[in-house]
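Asker: Now for the letters of each chain:
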Amino acid sequence: MNIASSDIVLLAHASFGVLGTLTALWVFVEALNANPENANRIRTAAVIAAVFMVMAWILGGDWYLHFYPADKALILKGPWPFAHNLVMETKEHLFFLTLTLSLYLPIAAREKLFASAAARRMVLCVAMLIVLSGLGMEGFGAIVSHGAKVALLSNAAKGANE
Amino acid sequence: MSAGTPTLGRTNASFALAAAVSILVNTVLACAKDASKPLKDFMASICGHDWTTQGMFVVILFVLLGLIFSKTSLSGKIAGTRLVSLLVGSTVLSGVALFGWYVLY
Chain A
45 MNIASSDIVL LAHASFGVLG TLTALWVFVE ALNANPENAN RIRTAAVIAA
95 VFMVMAWILG GDWYLHFYPA DKALILKGPW PFAHNLVMET KEHLFFLTLT
145 LSLYLPIAAR EKLFASAAAR RMVLCVAMLI VLSGLGMEGF GAIVSHGAKV
195 ALLSNAAKGA NE
Chain V
3 MSAGTPTLGR TNASFALAAA VSILVNTVLA CAKDASKPLK DFMASICGHD
53 WTTQGMFVVI LFVLLGLIFS KTSLSGKIAG TRLVSLLVGS TVLSGVALFG
103 WYVLY
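Line order of the protein sequences matches chains A and V. Position 123 of the first sequence, counting from 1, maps to 167 under the numbering used here, and the rest follow consecutively. Position 72 of the second sequence, counting from 1, maps to 74 under the numbering used here, and the rest follow consecutively.
Think of the hints as simulated: they come from the structure by calculation, not from any bench. Be a bit skeptical, because a hint or two may be false.
Covered stretches of chain A (in silico footprint by chain V; criterion: 3 or more residues with CB under 8 Å from a CB of chain V, positions within the stretch not fixed) [said to hold, decoys possible]: (1) 64-76; (2) 84-94; (3) 129-136; (4) 153-165.
The C-beta atom is built at its ideal place from N, Cα and C for all residues, glycine as well.
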């Protein structure tokens, strides 16, 4: 088995993204039933979601800057160039929306959600936006990964036919 | 505060407004740097890569705007429900705009 550091960075990036998304979902569910007993739990979960998304940003950035250029060249020469031109380009800029919302979530969750309808609605909306955009990021990542895979398969098929 | 309180706390409202503005600025910046190579090169010269500079800029903008708004009465003048709509609207609009930009670009 040969697992390169780039593989670990990429898988850790995706894992922290999933964990951040799931934690935002946790915040959403807790906020649906906001009461004095779960107030601290909501605040803690919101901070954890932000930390996970920052980790996803740092690891994704490291992979994007140091390892992705080789994948990019492969994808652009393969049958799915849109996996970079459209999907990756959108993903890398759309992520900053998710990141900004994740950094804001702990601030919104500091209020007494059980006592303020507006604050509760804000946390519910922000947490759901993080969940939806986080799921979108995961889907986009899968398409980019598949873009590299079909490029490799295409190259292998050409090699086999020669 | 009652359960029907329509306003957000000052810090919360300020950072909600800062998040909405930062998200919109991020979208404009993403499109502008693709349309302008000098801008992209300038951004790359700051942090080594334009994407890194953009990320740092958006995060710093969010924090700075949040702190500035919390020192002013601006965010307090906007109802909480309107801030929710503003943040959700700016996020959805930015997401659609980014995807549309890369479809067309």
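Asker: Counting residues of the region 129-136 of chain A whose CB is closer than 8 Å to a CB in chain V, do you get three or more?
Answerer: Check passed, 5 qualifying residues.
Asker: Within the region 153-165 of chain A, is the number of residues with a Cβ closer than 8 Å to a Cβ of chain V three or more?
Answerer: Since three or more residues must qualify, the claim that chain V covers the region 153-165 of chain A holds, with 10 doing so at under 8 Å.
Asker: Check whether three or more residues of the region 64-76 of chain A sit with their beta carbon closer than 8 Å to a beta carbon of chain V.
Answerer: Coverage by chain V is violated for the region 64-76 of chain A (0 residues, Cβ < 8 Å).
Asker: Verify this for me: three or more residues of the region 84-94 of chain A with a beta carbon less than 8 Å from a beta carbon of chain V.
Answerer: violated (count 0)
Of the numbered hints listed earlier, those contradicted by the structure are 1, 2.
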